Amino acid sequence: MTVTIDTGDTTWMLIATGLVMMMTPALGFFEAGLIRSKNSISVLIQTFSGLGILSILWIVIGFTLAFGPSYNGIIGGTQYTAIENVPINEPFQNYATTIPGIGFVAFNMMVAVITPLLITGAFAEKMKWTSFCIFMIVWSILIYCPLAHWVWGGGWLSQIGFYDFGGGIVVHVSAGMGSLAAALVLGRRKYFGPDITLPHNVPLAVIGASFLWLGWYGFNAGGAYAAGGLTFNTLLVTHMASATSSITWILLSWKTAGRPSVIAGINGAIAGLAGVTAASGFITVNSSMVLGAVIGIASFLAIKLIKEKLKIDDVLDVSSVHGVSGIVGTLAVGILAFQSINPNGPNGMLAGNFSQIGIQAVGIGAAILLSFVGTFIILKIIDKTIGLRVKEIEEDVGLDISGHAERAYTK
Amino acid sequence: MTVTIDTGDTTWMLIATGLVMMMTPALGFFEAGLIRSKNSISVLIQTFSGLGILSILWIVIGFTLAFGPSYNGIIGGTQYTAIENVPINEPFQNYATTIPGIGFVAFNMMVAVITPLLITGAFAEKMKWTSFCIFMIVWSILIYCPLAHWVWGGGWLSQIGFYDFGGGIVVHVSAGMGSLAAALVLGRRKYFGPDITLPHNVPLAVIGASFLWLGWYGFNAGGAYAAGGLTFNTLLVTHMASATSSITWILLSWKTAGRPSVIAGINGAIAGLAGVTAASGFITVNSSMVLGAVIGIASFLAIKLIKEKLKIDDVLDVSSVHGVSGIVGTLAVGILAFQSINPNGPNGMLAGNFSQIGIQAVGIGAAILLSFVGTFIILKIIDKTIGLRVKEIEEDVGLDISGHAERAYTK
Amino acid sequence: MTVTIDTGDTTWMLIATGLVMMMTPALGFFEAGLIRSKNSISVLIQTFSGLGILSILWIVIGFTLAFGPSYNGIIGGTQYTAIENVPINEPFQNYATTIPGIGFVAFNMMVAVITPLLITGAFAEKMKWTSFCIFMIVWSILIYCPLAHWVWGGGWLSQIGFYDFGGGIVVHVSAGMGSLAAALVLGRRKYFGPDITLPHNVPLAVIGASFLWLGWYGFNAGGAYAAGGLTFNTLLVTHMASATSSITWILLSWKTAGRPSVIAGINGAIAGLAGVTAASGFITVNSSMVLGAVIGIASFLAIKLIKEKLKIDDVLDVSSVHGVSGIVGTLAVGILAFQSINPNGPNGMLAGNFSQIGIQAVGIGAAILLSFVGTFIILKIIDKTIGLRVKEIEEDVGLDISGHAERAYTK
Amino acid sequence: MKKIEAIVRPEKISRLKSELLKLGIGGMTLTDVSGWSKGRELHLQWRGQKIAYDLVPKIKIEVVSSDSFADKIVDCIVKEGKTGDGQEGDGVIFISNVDEAINIATSAKGEQAIFHSS
Amino acid sequence: MKKIEAIVRPEKISRLKSELLKLGIGGMTLTDVSGWSKGRELHLQWRGQKIAYDLVPKIKIEVVSSDSFADKIVDCIVKEGKTGDGQEGDGVIFISNVDEAINIATSAKGEQAIFHSS
Amino acid sequence: MKKIEAIVRPEKISRLKSELLKLGIGGMTLTDVSGWSKGRELHLQWRGQKIAYDLVPKIKIEVVSSDSFADKIVDCIVKEGKTGDGQEGDGVIFISNVDEAINIATSAKGEQAIFHSS
Ligand SMILES: Nc1ncnc2c1ncn2[C@@H]1O[C@H](COP(=O)(O)OP(=O)(O)O)[C@@H](O)[C@H]1O
Ligand SMILES: Nc1ncnc2c1ncn2[C@@H]1O[C@H](COP(=O)(O)OP(=O)(O)O)[C@@H](O)[C@H]1O
Ligand SMILES: Nc1ncnc2c1ncn2[C@@H]1O[C@H](COP(=O)(O)OP(=O)(O)O)[C@@H](O)[C@H]1O
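Respectively, the protein sequence lines represent chains A, V, G, S, U and Z.
Be aware that the first sequence starts at 1, since it is given in our numbering, and climbs by one per residue.
Be aware that the second sequence starts at 1, since it is given in our numbering, and climbs by one per residue.
Be aware that the third sequence starts at 1, since it is given in our numbering, and climbs by one per residue.
Be aware that the fourth sequence starts at 1, since it is given in our numbering, and climbs by one per residue.
Be aware that the fifth sequence starts at 1, since it is given in our numbering, and climbs by one per residue.
Be aware that the sixth sequence starts at 1, since it is given in our numbering, and climbs by one per residue.
Calculated directly from the structure, the hints in this document are not laboratory data.
Treat the numbers as computed from the prediction; the structure is a model and nothing was measured.
Just so you know, not all the hints are guaranteed correct.
[Claimed, not checked] Once the Cα atoms are required to be at most 27 Å apart in a straight line, the calculated BS3-like pairs of lysine-lysine come out as: (1) Z:Lys109 with U:Lys3; (2) A:Lys391 with G:Lys255; (3) V:Lys311 with V:Lys255; (4) Z:Lys109 with U:Lys79; (5) G:Lys311 with G:Lys190; (6) A:Lys311 with A:Lys255; (7) S:Lys3 with Z:Lys3; (8) A:Lys380 with A:Lys309; (9) A:Lys190 with U:Lys82; (10) U:Lys72 with Z:Lys3; (11) Z:Lys79 with S:Lys109; (12) U:Lys3 with S:Lys72; (13) G:Lys190 with Z:Lys82; (14) S:Lys22 with G:Lys391; (15) S:Lys72 with U:Lys109; (16) S:Lys79 with U:Lys3; (17) Z:Lys109 with U:Lys72; (18) U:Lys3 with U:Lys82; (19) S:Lys82 with U:Lys109; (20) S:Lys79 with U:Lys109; (21) S:Lys82 with U:Lys3; (22) S:Lys82 with V:Lys391; (23) V:Lys311 with S:Lys82; (24) Z:Lys79 with S:Lys3; (25) G:Lys391 with V:Lys255; (26) U:Lys79 with Z:Lys3; (27) S:Lys3 with U:Lys109; (28) S:Lys79 with V:Lys190; (29) U:Lys3 with S:Lys3; (30) Z:Lys3 with S:Lys109; (31) A:Lys255 with A:Lys309; (32) U:Lys109 with Z:Lys3; (33) A:Lys311 with A:Lys384; (34) G:Lys391 with Z:Lys82; (35) Z:Lys79 with G:Lys190; (36) Z:Lys109 with Z:Lys3; (37) U:Lys109 with S:Lys22.
Start from the sequences and build out the full structure, keeping to the hints where you can.
Below, the structure is given as structure tokens:
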């Protein structure tokens, strides 16, 4: 492997970094549009301030915990604290060997920033901003960094041959299961039911979803850390899973509610994108269309179960849209992966390798355990100390006025 | 010609693909902002679900019909059905020879997706979603794929020396004339007139237009399939035509309505972008400024004729903004092209070649014929079978509630 | 130095050009969201028509005034009028030597376009569109082009060793001080005070701010004119200054108003981005976090002084957010710069060079003088001839209806 | 004085406004509302639940006028607001009593408050 | 005739609407409003200035009905609009007199104007 | 009881609200409206057609109070709502009769319905 900077690859990673950064505000638009007007600012400030806080955290300590030299496969060492020793004009020796080392830090920062912020979808309209800030920092250090290390930083999951191209478990299963725990700890919103789940600004949500879709090209195809055939295949796999999952959701909304719904369309797209992430760099475009449809069905049904049957108030259904999708897609690596697509990846069942799916299941299990239990404990502790939820009157008035003294719209 | 992957060129096409993908939702924002609130969701779901449906169609059959080995210059063969035989790690031998084959498929997918969706502007506020879906699929197969094949896939128009860099006739004339046919077949909206043409959310429309403008850099300069002087010239030509056409429209709105209008500004920009598409890779930046002004005047006057004189209710004036503009710009290739700008393009009149303009006219004529007549027939058949228009009460209530059980805004 | 086109570098500049272009409409969204609904169109048309007008101006005369061969270090010669003699397929000999000459023109166009438009923030809700147009053209020629020439075109400031990587004084100090002058010449809005400073659409403002943040990657890292370690370092420096300044503002809003504010968050981000611009290509990521916090505090306090104490009605606080930030960041070059980061840049105090800060101060002084005095005189002349402000009744009704016969929102 | 409150089609507003103007009314206030009236329900569903979601966007015009002038205003609204022959959805007008009107700027009361000029 | 004007919680609208429908009312008009009422103020600050910013989004329902029918409508709104035991924020209803109603489409007057069918 | 309906400048709302609060009113309801009144038309054009597009954004405040209290409220609104010497556009106040008020949460009627405390 040559270790010299390639301007084409570097440019791709510059862009991919920008695209993934943009996903964080886009997530804010998506979420803010889907909730009530009176709480929309509270979500926008969570994503926007989260972008600031988690970026700083990543430079100071996050990067080295995830990608520093491994302590027994569990966590990264402190060699890169405050990005000390990160090469600027050369690549790392072991990661992304054709782009500047600092580029590897920057791209992975954007991934690390958005992951905990996905959980905002579970506690939107309920949680105090101060508790949110503390939770983000703790969750990032205790859950995200270890998991990223296990999978991408040379940790034990990578050592046993587990594969997750873009972050199926590192990002989506972890945020999804964290969301389930968050929904359980925080409880239901007042008047929980269909009457309060009317989205206040659908165009805003569609703007968010569209830029999430675009950003995901960077998120997944950026994982190639280079520009070539695999990169383009990953981009197209990502796109097609989103397309098929989106259409699947629209058809399911039509079947169950009598009308094709645009909100179903955008949720389905996000489910497809989240779901395909793990497999995006290992499978063919044709497989991705099948996978997208399966992810669409699984995540749609999961909402029916979690929200409608079990009445768990995961406000924006992160547990289904990211969690369940992520599980399906990460398992799918064990079925659909072909080394002819990516020689550095595994073969799955269809390529004759029946053992990979077991390894994938181990990874999924580990991620669920770490993130569900970890999130539960972290939130319980915060709840007992400074509290998690806003007061009832603040929920009535809306978190925007009560928590931020701002309104989304005036004349 | 060397046939090896270049990382710089590949990165440019990765981006261009993303930029053109983004144009489809941006089109939705543009259109949704310019129509009444009660129908805005219906347009957003058309563009969003269209992105899904047409992407799948392209993989399954569209690409091979457009770019497969030619049957007598009429249509592509089935060699690439379900993108079978498309190279992932090498370029095609005959197209885009420095980027992965699959990248060529992906970029052209995004162009193929947005083209039929442009016609949504003609039947917004009127058409049923189911009929829309069927229409998109049929139109893409019967009109878009042949036309793309004729011009870019080695078909008869390319054989006679017709040139269309970014899709002047393939995209804009075809969608524009299709829109004229659609407006005629579907008829006028209830209370057609200035009272119902108030845009409900101008900032949303400006967001859409702005990202269309940006996306067009990818749309036109992506047509170079490489990164170099021609690419940058194409980008700047595109930008300047948009700038001059936009200013032209603003001045015309000022003259005719007494006030400079931002809606004129964004429509003018789109007209300039659509108009310059055919010529963007063949002309100088200075020519593009003249061309932009001419396109601006032509498309502005076309609206006066089609909508105000003839009372044809092409809701968002696609026939003028894309159709008439596309015609002017495609003709302009025969006047303004210089081989000193693009050695693989033609010379036009100013470079002493008086025959090119005739060839361009043939191409335009063929596109008008195919798309106008074809669209008319397709829509008539759908109308007679499952119907095209929503019921009158549904139009009153709005397509959002009646067709999708959703409202764009709630409190 | 080799002078051949590199596809990777060229692709980066294609993108950077697109990103910076996008900042102009994004600026419009940011501003429109933060003012009253009844004036929001008037700002959108200013940014959108400004994009058209200033692009044309740049091609015709602006580029050559800024980058043509220098007349005594004061202004560029006319060699490149109407971009005559600009190489398309080769680089310039003296600028950006691995990308096409026309790419250098295009990228710098986008920077030249947005600079005068920043001043719209100072006279939003007050100024006539016609006067705006004239002001833009005159300001661009008399203030922007000379200043760009002094710093980047081989003019006297570059000759004395002044450094400004992305446009700290060329863009932000000049626009900021111009804004202060504009606020003074135009006077206060009717009912000036907290009651009229309620933002009408916060999500729109956040959309604007988010794309400004993203666009700034192109703005600053594009200044490298190549893709490599320095480019990525610049991107990350830019990002971190925005992050820390944004968080600083949120904390300050919390402290002074009792609630953390999202509007503070987005303003703080813009201040951080504007502030770090000059230094972005010369300093380390860790320095940028300190610098971001300092910029945040300085610009926040500046608003308290200029708007709340002195009651100068710079509507969107451009003088603080761009002007004061720009001054701090440009000075910081003299403290924080390291040639180990950028061998073509200076060393600052921390690298043992105590003289640089003096040179930086000279540049800042020159920019303040030129832009404040220049803007004051230009506006006074326009005021005396065709007038600057709308009539009082037009201000009551709103500039949208009175000046453009359009409303931002209808049902 | 009388308050005339009309719920009309948004499409009709611009013409209606200029006709009322010609009549010489002193002012009017417009509100965006949504309306429902009998016989127009569409049965729709929302997230699988059956609901009748049939609210149509309308505009409410309020004009306060002297008792004697009220009829002219009503006639004008009926004339301009009508679409075809008895077509549903054209709206309704309600008339009620207003005890007093005060102009904030001038402190004028009664009919003086609502007629600037004339 | 009577005008019944109720300021209610937005969450209650969809059920309330279908109950009113069952009662057989002839029409209704909804407006987005924001409300404040005593005892519910939160003291907030805005850009450093202390303000009581405590407006809560509400929906106003207006129904015009015959005198005799009014009580049934009020009862229905009270029943559907109530949340718990005396919980604040459920809203208020005001009843006032309407002199005349005119249907724009049919020119029908009085109670004819507000009842299409039945 | 009386309903006091005031159409005022949006800029005046925050101060007006706190003054009404000090007076001790029991509640109020605010609506975004747009208003037109005589003498303020600007003649504009829209897509080439001449129209008088002169609607100004205003806010409508509605307060229902006991008869005796009404005058104080009116005086307060006039005082706070006034801009300068007889300046146009400050708005108007209309007073009308309300037959009954019902508090949804408590089912209290009449003046009890509109005054929580005091
Ligand atoms: N009894 C009523 N009370 C209050 N508003 C009413 C009543 N009847 C009608 N309206 C209002 O008038 C609007 C138009 O009524 P109508 O002409 O019967 O038309 P539509 O057929 O659209 O319901 C309704 O949408 C509603 O807003
Ligand atoms: N006296 C009043 N005049 C006008 N509107 C009132 C009055 N009292 C209450 N309201 C309206 O009713 C709404 C609900 O009142 P109430 O049930 O007392 O609840 P809350 O506790 O939310 O204020 C208020 O927000 C306001 O819009
Ligand atoms: N006769 C009326 N009927 C209904 N609303 C009125 C009437 N007169 C005035 N208004 C309302 O009061 C607002 C302010 O009126 P006024 O003080 O006369 O100011 P302006 O000069 O802005 O029209 C108007 O915009 C309108 O909404």
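Do the hints match the structure? See the list:
Between Lys109 (chain Z) and Lys3 (chain U), the direct Cα distance comes to roughly 16 Å. Compliance with the 27 Å bound is thereby established for this hinted pair. Annotation: proposed proximity of Lys391 (chain A) to Lys255 (chain G) holds, straight-line Cα distance about 21 Å (limit 27 Å). Under the criterion of a C-alpha separation no larger than 27 Å, the hint pairing Lys311 (chain V) with Lys255 (chain V) is consistent with the structure, at around 22 Å. Restraint check for Lys109 (chain Z) and Lys79 (chain U): satisfied, since their Cα atoms lie roughly 15 Å apart, inside the 27 Å limit.
For the hint linking Lys311 (chain G) to Lys190 (chain G), the alpha-carbon distance of about 13 Å falls within 27 Å, and the restraint holds. Simply put, Lys311 (chain A) and Lys255 (chain A) have alpha-carbon atoms about 22 Å apart, close enough for the 27 Å limit, and the pair holds. Simply put, Lys3 (chain S) and Lys3 (chain Z) have alpha-carbon atoms about 13 Å apart, close enough for the 27 Å limit, and the pair holds. For a cut-off of 27 Å, the pair hint linking Lys380 (chain A) to Lys309 (chain A) stands: about 25 Å separates their Cα positions.
Pair hint Lys190 (chain A) plus Lys82 (chain U) holds up; C-alpha atoms about 14 Å apart against a cutoff of 27 Å. Between Lys72 (chain U) and Lys3 (chain Z), the direct Cα distance comes to roughly 23 Å. Compliance with the 27 Å bound is thereby established for this hinted pair. At roughly 15 Å between alpha-carbon atoms, Lys79 (chain Z) and Lys109 (chain S) fall within 27 Å of each other, so this suggested pair holds. Our distance criterion of 27 Å between C-alpha atoms is met by Lys3 (chain U) and Lys72 (chain S), whose separation comes to about 23 Å.
Only pairs whose Cα atoms come within 27 Å are accepted, and Lys190 (chain G) paired with Lys82 (chain Z) is accepted, the gap being roughly 14 Å. Between the alpha carbons of Lys22 (chain S) and Lys391 (chain G) the distance comes to roughly 26 Å, so the proposed pair stays at or under 27 Å and holds. For the hint pairing Lys72 (chain S) with Lys109 (chain U), the CA-to-CA distance comes to about 15 Å; that is within 27 Å, so the pair holds. For the suggested pair Lys79 (chain S) and Lys3 (chain U), the alpha carbons sit about 24 Å apart, so the restraint of at most 27 Å is met.
With a C-alpha separation of about 15 Å, the suggested pairing of Lys109 (chain Z) with Lys72 (chain U) holds against the 27 Å cut-off. Distance check on the hinted pair: Lys3 (chain U) and Lys82 (chain U) sit about 21 Å apart at the alpha-carbon level, within 27 Å; holds. A hinted pair counts as satisfied when its Cα atoms are at most 27 Å apart, and Lys82 (chain S) with Lys109 (chain U) qualifies at roughly 15 Å. With a CA separation close to 15 Å, the supplied pair Lys79 (chain S) and Lys109 (chain U) stays within the 27 Å bound.
Pair hint Lys82 (chain S) plus Lys3 (chain U) holds up; C-alpha atoms about 24 Å apart against a cutoff of 27 Å. Proximity of Lys82 (chain S) to Lys391 (chain V) is assessed by CA-CA distance (about 21 Å); at most 27 Å being required, the pair is judged to hold. For the proposed pair Lys311 (chain V) and Lys82 (chain S), the alpha carbon gap of about 23 Å is at most 27 Å, so the pair holds. Note on Lys79 (chain Z) and Lys3 (chain S): the hinted pairing holds, with a Cα-Cα distance of about 24 Å set against a maximum of 27 Å.
Taking the CA atoms of Lys391 (chain G) and Lys255 (chain V), the gap is near 21 Å; set against the 27 Å cutoff, the hint holds. Annotation: proposed proximity of Lys79 (chain U) to Lys3 (chain Z) holds, straight-line Cα distance about 24 Å (limit 27 Å). With a C-alpha separation of about 16 Å, the suggested pairing of Lys3 (chain S) with Lys109 (chain U) holds against the 27 Å cut-off. Proposed proximity of Lys79 (chain S) and Lys190 (chain V) is supported: the alpha carbons are some 19 Å apart, at most 27 Å.
Pair hint Lys3 (chain U) plus Lys3 (chain S) holds up; C-alpha atoms about 13 Å apart against a cutoff of 27 Å. Annotation: proposed proximity of Lys3 (chain Z) to Lys109 (chain S) holds, straight-line Cα distance about 16 Å (limit 27 Å). The suggested pairing of Lys255 (chain A) with Lys309 (chain A) holds, with an alpha-carbon distance near 19 Å, which does not exceed 27 Å. Proximity of Lys109 (chain U) to Lys3 (chain Z) is assessed by CA-CA distance (about 26 Å); at most 27 Å being required, the pair is judged to hold.
A C-alpha spacing of about 24 Å is found between Lys311 (chain A) and Lys384 (chain A), which places the hinted pair at or below 27 Å, so the restraint holds. A threshold of 27 Å between alpha carbons decides the hint, and for Lys391 (chain G) with Lys82 (chain Z) the separation of about 21 Å falls inside it, so the pair holds. At roughly 19 Å between alpha-carbon atoms, Lys79 (chain Z) and Lys190 (chain G) fall within 27 Å of each other, so this suggested pair holds. A threshold of 27 Å between alpha carbons decides the hint, and for Lys109 (chain Z) with Lys3 (chain Z) the separation of about 15 Å falls inside it, so the pair holds.
For the suggested pair Lys109 (chain U) and Lys22 (chain S), the alpha carbons sit about 25 Å apart, so the restraint of at most 27 Å is met.
When held up to the earlier numbered hints, the structure conflicts with none and fits them all.
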